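Chemist: Chains as they are written, first to last, in our numbering: chain B, 1 to 267; chain U, 1 to 355.
Everything labelled a hint here was simulated from the structure, so no lab data went into it. Note that the structure is predicted; figures quoted are calculated from it, not measured. Note that CB positions come from ideal geometry on N, CA and C, so glycine has one too. Some clues are possibly wrong.
The calculated label-pair distances, taken between Cβ atoms and stated as ranges, are [said to hold, decoys possible]:
#1 U/Lys123 with B/Gly204: 53 to 61 Å
#2 U/Ala107 with B/Asn80: 20 to 28 Å
#3 B/Gly161 with U/Gly28: 28 to 36 Å
#4 U/Gly234 with B/Lys261: 50 to 58 Å
#5 U/Glu118 with B/Phe98: 19 to 27 Å
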Amino acid sequence: MTVRRLWIGLTTLIFAVLLIVPLLRIVQGAFDNGWSGFSAGITRPEALHALLMTGIIAVSVTIVNTVFGVMLSLYLVRANWLGKRLKAVMNAIVDLPFAVSPVIGGLMIVLLLGPDSAVGALLGRAGVDIVYALPGMILATLFVTFPIVIREVMPVLQEVGSQQEEAAHMMGAYAWTTFWRVTWPLIRWSVVYGVILTVARCLGEFGAVLVVSGNIINKTQTATTLVYQDVENFDLTAANAVALVLAAASVLLLLVMEWSKSRKEVH
Amino acid sequence: MHVEVRGLNKSFGSFQAVKDVGFSVEKGQLIGLLGPSGGGKTSILRMLAGLETPDSGDIVFHGQRVNDLPPQERGIGFVFQNYALFKHMTVSENIAFGLEVKKWNKAKIKERVANLTELTGLKGFESRYPHQLSGGQRQRVAFARALAPEPQLLLLDEPFAAIDAKIRHELRSWLREMIDRLGITSIFVTHDQDEAIEVADEIMIINKGNLEQKGSPWEIYKDPKTPFVAGFIGESRIVDNIAELRGFADAAATSGTKGLIRPEYIEIGRKEEFAQLLSATEAGRVSHIHFRGSEWLVEVEVGGIKLVTYRSLEKEVLHPGDEVQVLVHRAYLFNDNQSWVMENKLKADPMFVYI
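Chain B extracted, bound-state conformation (with noise of 0.2 Å):
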């Protein structure tokens, strides 16, 4: 009993050492000039587009990713025409920016895009900046959260089978139809469960981004790189004003997904 007890209470100060103090002393620094403080920290320019830029990228992140996710997964766990080992293989990949540090990916990026690569100094002359831009940014938390959506999806799409759209194509309906009217309705929440994650992903994404835009305030900076600077700064209650934003933004959205999964139980 006692030995129960222990375990219940170490859990139980594990959870509030590690995420319920830490969300305080947040609220606590974001508050401690007051309200104007808090304030003032989120009204900066550079705050404001900040927010703006990670913004940005968490929506069309998010779009790509959920598009190309949705694709990706019916291939391969339906396609016929994609050989068993091909499948295999992609399927190993998809894992790939799970496994590989964002920094990494984020200097692949720089290597392969960057002013002094082929592919970018072109594009450079043509005018069309990647790296140490918006675009580049976009590429990097694309890579970090492409396994998300389809990691999500995968597991539905095989445990419901393929017979409930083979049984749509037998009475007439094509591709499109199927994947509208009996497909989409039986992935909707897992999607809506990988949309979740990925948005949260793409708000507190930092170290991808950090080495692929070069940090350049009110160009290149996204709120968490701001934190990063506000803190190398000892401004720490601008800090703690952009961190409580993305920190509050973020309970918000795994509150949402905590509601769409009890949904997902009712079919």
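With chain B's structure known, arrange chain U on it following the hints.
Modeler: Below, chain U without anything else, positioned relative to chain B:
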């Protein structure tokens, strides 16, 4: 719809699932594809449906080759083994799906759905979801859904496999009746011989990708064309030294000939039960008896040959060790080159004196 299949082949990797299968089905017939699991029955059905592409061979509906037609255009109703009902749709939405896809107008769809729910006895369940239905009801929804777009051919993959024994029996006769009433050509897959024999107009026995035999259940029972068919239908025993049995001495004419004897080909009893056929019987000994609910299953030894047969509950009960007379009416004989049915020679001529 008249269906014709010629020289159908299908391999999955190095495994040849279907080997040179050809058959034709008359309009309005109910055909059972019968055979052991993994024998290629479902592959044949899926190729007919267009869900699988044959490696070679022709599939012809109404004299028109449909190999290159996608499943959407073939006008086939398909009932899947696990029904594959759309689980996010209600019963009536499931049934209406094919009609909506075909862009029927709303009033007609409503009428057709109402007719089908009536026909399949699903009235009152229209707004239920599949998980709120019993196995038998789901089966009927799958059936109604497949029939809704008025297909010309109905394919059913192990339609009763997932249903418990008692309901399965009812559904079988229900299905037979329904198909008779609609006059729709139907092909169903099963591994259950009772099901095929009871329901089908014609049975096709499929084994290891080959079509072993096609014929009415009675033909297949009475005149099996291959040892596999003879062994697959009914409970039978293979007797290596068949020529040693009285009345089957001619079997020794070709060496390597074996015999296959079904329980119902054999009669056993005391001497006095046989009257003038006594000369065709063989003396044997009961080794085991099993009560089968409606009859006895008796294992009997004749010389070194072990045979099984049934015995009516109305007759005197036998016991292990009893000496009995055994009459083998006929045997299915086969060797490497041919197979044929041989009647007991002594039975034909009761006055024949066996030396």
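Chemist: With reference to the structure, classify each hint as holding or not holding.
Modeler: Hints, one by one, checked against the model:
For the pair U/Lys123 and B/Gly204, the supplied restraint of 53 to 61 Å holds, since their beta-carbon distance comes to about 55 Å. Taking 20 to 28 Å as the suggested C-beta distance range, the pair U/Ala107 and B/Asn80 does not conform, at roughly 40 Å. For the pair B/Gly161 and U/Gly28, the beta carbons lie near 33 Å from each other, so the given range of 28 to 36 Å is met. In this structure the hint that U/Gly234 and B/Lys261 lie 50 to 58 Å apart at CB holds, the actual value being about 54 Å.
One distance hint, 19 to 27 Å for the beta-carbon pair U/Glu118 and B/Phe98, is violated here, with the actual separation near 55 Å.
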